[in-house]
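> Chain by chain, the residues run as shown.
Protein chains: 2
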Amino acid sequence: MEEDNAAGPSKKALKKAEAKAKKEALKAQRAAERVATQVSNIELEDDPAKDNYGTVTNPTFSADAEEVELRDLDESYDGKKVVIRAWLQNSRTQSAKMGFVELRKGGNWTIQGLVLATITGTGAESQLPAEGTPVISRRMVKFITSINPESFIAVEAQVKRPLEPVKSCRISTLELHITKAFVLAAAPPVLGMTMAASSQPVANFSDEEPKAEEEVKKEPEAEGGIPAASMLTHLDNIAMHKRAPVQQAIATQDIRIEVKRLFRSYLEERRFKEFEPPCLIGAASEGGANVFRLAYFGQEAFLAQSPQFYKQFEIAGGRERVFSIGPVFRAENSNTPRHMTEFTGLDLEMEIKHSYTEVISVLEGVLLHILRGLRERCADEIQVVRSVYPSEDFLLPEPGKEVRLNFAEAQKLLREEGPEEFRNVRDDEDMSTAQEKALGAVVRAKYNTDFYVLDKFPETARPFYAKVDDAGTTVGDNVRVTNAFDFFLRGQEVLSGGQRINDPKELEERIRAKGVDPNSEGIKEYLTTFRQVGVPPHGGGGIGLDRVVAWFLALPSVHLAAFYPRTPKRLLP
Amino acid sequence: MEEDNAAGPSKKALKKAEAKAKKEALKAQRAAERVATQVSNIELEDDPAKDNYGTVTNPTFSADAEEVELRDLDESYDGKKVVIRAWLQNSRTQSAKMGFVELRKGGNWTIQGLVLATITGTGAESQLPAEGTPVISRRMVKFITSINPESFIAVEAQVKRPLEPVKSCRISTLELHITKAFVLAAAPPVLGMTMAASSQPVANFSDEEPKAEEEVKKEPEAEGGIPAASMLTHLDNIAMHKRAPVQQAIATQDIRIEVKRLFRSYLEERRFKEFEPPCLIGAASEGGANVFRLAYFGQEAFLAQSPQFYKQFEIAGGRERVFSIGPVFRAENSNTPRHMTEFTGLDLEMEIKHSYTEVISVLEGVLLHILRGLRERCADEIQVVRSVYPSEDFLLPEPGKEVRLNFAEAQKLLREEGPEEFRNVRDDEDMSTAQEKALGAVVRAKYNTDFYVLDKFPETARPFYAKVDDAGTTVGDNVRVTNAFDFFLRGQEVLSGGQRINDPKELEERIRAKGVDPNSEGIKEYLTTFRQVGVPPHGGGGIGLDRVVAWFLALPSVHLAAFYPRTPKRLLP
Numbered sequence: 001m002e003e004d005n006a007a008g009p010s011k012k013a014l015k016k017a018e019a020k021a022k023k024e025a026l027k028a029q030r031a032a033e034r035v036a037t038q039v040s041n042i043e044l045e046d047d048p049a050k051d052n053y054g055t056v057t058n059p060t061f062s063a064d065a066e067e068v069e070l071r072d073l074d075e076s077y078d079g080k081k082v083v084i085r086a087w088l089q090n091s092r093t094q095s096a097k098m099g100f101v102e103l104r105k106g107g108n109w110t111i112q113g114l115v116l117a118t119i120t121g122t123g124a125e126s127q128l129p130a131e132g133t134p135v136i137s138r139r140m141v142k143f144i145t146s147i148n149p150e151s152f153i154a155v156e157a158q159v160k161r162p163l164e165p166v167k168s169c170r171i172s173t174l175e176l177h178i179t180k181a182f183v184l185a186a187a188p189p190v191l192g193m194t195m196a197a198s199s200q201p202v203a204n205f206s207d208e209e210p211k212a213e214e215e216v217k218k219e220p221e222a223e224g225g226i227p228a229a230s231m232l233t234h235l236d237n238i239a240m241h242k243r244a245p246v247q248q249a250i251a252t253q254d255i256r257i258e259v260k261r262l263f264r265s266y267l268e269e270r271r272f273k274e275f276e277p278p279c280l281i282g283a284a285s286e287g288g289a290n291v292f293r294l295a296y297f298g299q300e301a302f303l304a305q306s307p308q309f310y311k312q313f314e315i316a317g318g319r320e321r322v323f324s325i326g327p328v329f330r331a332e333n334s335n336t337p338r339h340m341t342e343f344t345g346l347d348l349e350m351e352i353k354h355s356y357t358e359v360i361s362v363l364e365g366v367l368l369h370i371l372r373g374l375r376e377r378c379a380d381e382i383q384v385v386r387s388v389y390p391s392e393d394f395l396l397p398e399p400g401k402e403v404r405l406n407f408a409e410a411q412k413l414l415r416e417e418g419p420e421e422f423r424n425v426r427d428d429e430d431m432s433t434a435q436e437k438a439l440g441a442v443v444r445a446k447y448n449t450d451f452y453v454l455d456k457f458p459e460t461a462r463p464f465y466a467k468v469d470d471a472g473t474t475v476g477d478n479v480r481v482t483n484a485f486d487f488f489l490r491g492q493e494v495l496s497g498g499q500r501i502n503d504p505k506e507l508e509e510r511i512r513a514k515g516v517d518p519n520s521e522g523i524k525e526y527l528t529t530f531r532q533v534g535v536p537p538h539g540g541g542g543i544g545l546d547r548v549v550a551w552f553l554a555l556p557s558v559h560l561a562a563f564y565p566r567t568p569k570r571l572l573p
Numbered sequence: 001m002e003e004d005n006a007a008g009p010s011k012k013a014l015k016k017a018e019a020k021a022k023k024e025a026l027k028a029q030r031a032a033e034r035v036a037t038q039v040s041n042i043e044l045e046d047d048p049a050k051d052n053y054g055t056v057t058n059p060t061f062s063a064d065a066e067e068v069e070l071r072d073l074d075e076s077y078d079g080k081k082v083v084i085r086a087w088l089q090n091s092r093t094q095s096a097k098m099g100f101v102e103l104r105k106g107g108n109w110t111i112q113g114l115v116l117a118t119i120t121g122t123g124a125e126s127q128l129p130a131e132g133t134p135v136i137s138r139r140m141v142k143f144i145t146s147i148n149p150e151s152f153i154a155v156e157a158q159v160k161r162p163l164e165p166v167k168s169c170r171i172s173t174l175e176l177h178i179t180k181a182f183v184l185a186a187a188p189p190v191l192g193m194t195m196a197a198s199s200q201p202v203a204n205f206s207d208e209e210p211k212a213e214e215e216v217k218k219e220p221e222a223e224g225g226i227p228a229a230s231m232l233t234h235l236d237n238i239a240m241h242k243r244a245p246v247q248q249a250i251a252t253q254d255i256r257i258e259v260k261r262l263f264r265s266y267l268e269e270r271r272f273k274e275f276e277p278p279c280l281i282g283a284a285s286e287g288g289a290n291v292f293r294l295a296y297f298g299q300e301a302f303l304a305q306s307p308q309f310y311k312q313f314e315i316a317g318g319r320e321r322v323f324s325i326g327p328v329f330r331a332e333n334s335n336t337p338r339h340m341t342e343f344t345g346l347d348l349e350m351e352i353k354h355s356y357t358e359v360i361s362v363l364e365g366v367l368l369h370i371l372r373g374l375r376e377r378c379a380d381e382i383q384v385v386r387s388v389y390p391s392e393d394f395l396l397p398e399p400g401k402e403v404r405l406n407f408a409e410a411q412k413l414l415r416e417e418g419p420e421e422f423r424n425v426r427d428d429e430d431m432s433t434a435q436e437k438a439l440g441a442v443v444r445a446k447y448n449t450d451f452y453v454l455d456k457f458p459e460t461a462r463p464f465y466a467k468v469d470d471a472g473t474t475v476g477d478n479v480r481v482t483n484a485f486d487f488f489l490r491g492q493e494v495l496s497g498g499q500r501i502n503d504p505k506e507l508e509e510r511i512r513a514k515g516v517d518p519n520s521e522g523i524k525e526y527l528t529t530f531r532q533v534g535v536p537p538h539g540g541g542g543i544g545l546d547r548v549v550a551w552f553l554a555l556p557s558v559h560l561a562a563f564y565p566r567t568p569k570r571l572l573p
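Just so you know, the sequences run in chain order A and B. So the first sequence is numbered by full-length UniProt numbering: it starts at 1 and just counts up by one. So the second sequence is numbered by full-length UniProt numbering: it starts at 1 and just counts up by one.
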């Protein structure tokens with residue numbers, strides 16, 4: 001319990017006061033809205049155009065008007081009457097008789113609409129247009145140009161070619177001559193984050209809540225004077241965050257889902273079968289660190305950190321080649337742009353016939369298929385992202401010139417060609433993130449690629465299930481190397497994999513050597529499976545989907561690649 | 001802390017003793033195995049065929065032998081030399097010179113192999129075969145026919161047509177004349193569950209652990225004398241559970257994954273975009289009952305019970321039509337064959353143009369696409385399942401004759417044509433599971449379909465976000481009906497859906513009317529999103545993947561449809 005401090009109001013009291021003030025502001029705003037609605041309803045009464053506009057839930061349109069999506073509008077619609085449902089993105093008044101709007105739908109399909117009063121004169125002198133011409137009043141023009149941006153509206157309009165292309169819109173060679181306009185869902189007069197702000201690069205990714213209400217509004221300004229918003233503001237305005245074309249291109253619409261699609265199609269063509277590992281598991285099987293725990297009907301349950309054991313159970317169960325796409329969890333209190341507590345794993349596991357390099361080849365194949373596929377299929381989306389987050393072209397190796405380095409070779413390269421500070425890196429110790437990035441730069445300069453494989457990690461750097469190299473190769477201080485590897489994009493790890501031990505005796509030895517109790521919960525059941533049946537030689541790997549998207553696009557944070565980034569401080573929305 | 005009871009040993013002590021006994025039995029078994037290996041190694045020394053068989057990790061084969069998967073073997077291989085990796089399913093000795101094996105791979109592709117000694121005579125009188133003929137000794141025949149069933153082996157063999165078709169194998173018109181055989185991963189001499197037992201219907205689905213060790217072995221016997229195993233035994237022997245063709249057909253291989261594929265392809269063709277809702281959420285948003293809670297860096301986190309709010313956020317974010325496929329969680333202590341704590345949801349949400357019946361049409365379309373697609377694409381797998389779990393053909397409505405009943409109509413039908421006990425069911429109260437099943441029988445008899453829709457549920461039976469019927473229709477005791485519906489397979493619910501409230505004022509009213517505090521965590525943020533931006537009219541639904549698979553196949557439990565069923569008492573493996 002926090003006591004009020006005599007020196008001044010407590011934090012709690014301050015927060016309460018703020019909340020109350022906010023509530024009352026909201027109340028006042030709503031009251032104002034109600035009055036405004038009443039006024040406009042009264043004004044409407046004597047408007048001959050009154051049936052052609054308004055705020056209604058189920059408007060009616062002319063029988064000969066075709067409902068069409070913005071993305072489907074093409075020259076064949078020139079001259080036709082259509083109904084379009086879209087977001088009103090912008091509007092301006094040219095004169096009392098004429099207004100312009102910009103409509104948006106389907107991510108970033110935009111078009112210009114214009115509305116021109118057909119009732120001439122004003123007041124008592126006003127005259128209706130000739131029979132057959134749409135009835136449009138000045139009030140209707142005013143109504144349309146006063147709609148709050150980001151409201152969802154439906155318009156009836158005639159499609160026409162504009163006098164000259166409308167450069168500000170994606171659909172530039174057509175425009176809509178609006179004859180009816182209805183607000184289906186009104187946005188409030190003031191948005192928590194405007195479209196312009198949402199379309200700027202995120203100002204900062206700090207997870208810390210700002211200390212006082214004031215600071216929320218003091219976002220730094222980007223070039224051009226449009227204020228950029230922090231990631232917290234983006235998340236507080238999740239719908240506006242998602243409506244920005246950059247976000248539609250990255251996560252909400254195309255690139256992220258395309259990675260999954262490319263992963264799946266490549267593997268299905270090669271006879272991999274999908275399976276679904278559980279999220280809830282009965283034991284913190286992979287060591288117990290960084291695992292979420294929960295009460296489970298009198299037991300304890302854990303959230304899976306990877307589908308590792310389950311992929312192997314599938315192989316033991318005769319599945320030959322499997323893949324999974326699903327959430328994995330890490331209870332790591334890391335507040336960096338590289339970390340999340342929930343992310344999506346793209347995993348695979350396969351029987352090995354002759355050598356674990358069969359696994360490297362499949363994984364290299366699928367990652368190159370993804371990276372090349374993105375360049376080909378998402379060229380437009382990549383351009384949208386780059387217009388907000390500029391990046392250098394991602395360098396892909398030419399076919400047949402893929403780069404695979406042994407861990408020890410890579411460390412040597414780093415010692416010899418990397419920065420001063422890495423002159424003493426060892427072949428028997430894992431790499432740091434800084435080392436990885438430095439190596440990325442060296443490899444890029446030397447081999448002209450942003451994608452490469454590091455193989456034969458020392459066993460000190462790998463979990464107990466990693467199979468040790470058959471030839472007995474050692475590095476550094478007599479440390480054996482494993483048939484295990486990592487893949488890198490722009491010097492950042494996106495994949496870990498390797499051959500797994502399939503012999504139960506060897507597995508038990510390694511478990512003990514790593515200081516793990518082979519009879520501990522989870523481990524015991526894992527070992528039992530290998531003892532219960534013959535398990536063929538196998539290997540696999542896991543790809544971090546969020547990281548592939550983020551590093552391929554050189555985004556400043558992996559949080560931008562997720563639909564709803566989960567961080568230690570943030571679970572909403 | 002449990003104290004030892006003076007009257008006898010405590011449960012704990014008993015368990016400990018059992019565990020110790022088990023451990024020692026295992027030790028003894030392994031010692032015996034080691035001795036056996038040594039003996040066979042000594043015997044091998046003087047065998048002229050010794051390079052052609054054994055237990056090795058990386059055997060070599062003839063350069064002219066082609067590695068081929070069982071499923072790819074066809075008549076074109078007649079006469080060719082091949083290498084096959086597979087599970088040894090069965091073996092028998094015809095004579096000291098000849099043995100037969102049955103190999104299995106890729107789910108349920110099976111083939112017969114035979115091995116015939118080419119070294120004539122025995123002991124000192126033995127004679128090697130002519131140059132160019134494979135060298136096969138009686139010891140080699142003995143070795144092969146002594147391999148423990150379910151070991152993973154590699155054989156080199158000549159493919160030949162058998163004298164008559166091998167009826168017991170799926171590949172019946174070819175057999176393998178084995179010339180080399182190596183055990184790559186040995187199964188133990190005694191399996192925890194044999195393939196024969198695993199292929200029987202599961203004996204019972206009780207989640208209760210048997211009280212004493214004895215009972216585990218006393219499984220009821222199925223017809224034909226092959227013992228059936230309980231679900232617990234199946235889960236304790238997860239690899240053997242998965243290897244059975246029936247399980248491969250249901251979950252591990254084909255039918256379950258095909259449902260996902262059909263769901264995705266139907267929706268993608270109709271411009272639905274995939275998205276990924278989070279599992280970790282910051283508030284028990286849908287009421288708070290049956291939700292898993294966990295400690296989250298000083299806060300509390302919850303596991304999502306459905307992607308409901310997130311689907312709606314996507315619509316608010318301008319996505320138009322979205323779907324998701326992923327895990328959802330229910331902390332419900334229900335130990336029935338219908339319940340699991342983690343299952344896979346197939347969800348969709350879409351903008352509505354004119355009427356919520358657009359949503360019903362899409363959902364009806366996708367479910368019929370799935371059900372028809374399964375019949376067409378998984379005919380073989382369905383037969384495999386039926387051979388173990390017999391079921392009546394699933395009756396699908398003819399195109400254009402889909403059955404949609406209003407809730408009140410359905411209750412009337414139940415009162416008038418259902419069993420006695422349901423003569424007084426009310427139109428303003430939700431249905432029980434028993435009522436649903438009874439209705440399923442009535443509908444089947446009347447309309448000749450196992451698939452139908454119940455629409456217009458009373459608002460008492462739906463959550464706060466369900467949109468009330470615009471016409472103001474009421475049923476029973478003046479209860480309004482909603483634009484919400486359920487879909488049924490064989491009288492069991494597999495889908496819930498409806499139109500959602502998109503107006504923030506209406507939503508707030510309904511939240512209050514349902515007795516929920518609109519300022520409670522989760523709800524507040526949900527409401528805020530609707531206030532922050534205009535949200536178009538929308539609706540959707542969620543399909544339970546596990547249930548679709550289970551009820552379509554008329555399985556005795558939904559647990560059989562899952563890869564790793566999670567129940568209140570069971571989280572392993």
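Calculated from the structure, these hints are not laboratory results. One or more of the hints may lead you astray.
Treat identical chains as interchangeable: a pair holds within one or across any two.
Stated by the list, open to error - Mimicking PhoX-like on lysine-lysine, the simulated pairs with C-alpha atoms at most 20 Å apart in a straight line are:
| hint | residue 1 | residue 2 |
| --- | --- | --- |
| 1 | LYS273 | LYS167 |
| 2 | LYS260 | LYS273 |
| 3 | LYS160 | LYS353 |
| 4 | LYS81 | LYS353 |
Model, not experiment: these values are computed from the prediction.
> Indicate, hint by hint, whether the structure satisfies it.
Hints and how they fare:
1. LYS273 / LYS167: neither (48 Å within a copy, 28 Å between copies)
2. LYS260 / LYS273: Classified as both; 14 Å inside a copy, 12 Å across copies.
3. LYS160 / LYS353: neither (64 Å within a copy, 24 Å between copies)
4. LYS81 / LYS353: Between copies, since 17 Å is at most 20 Å while 64 Å is not.
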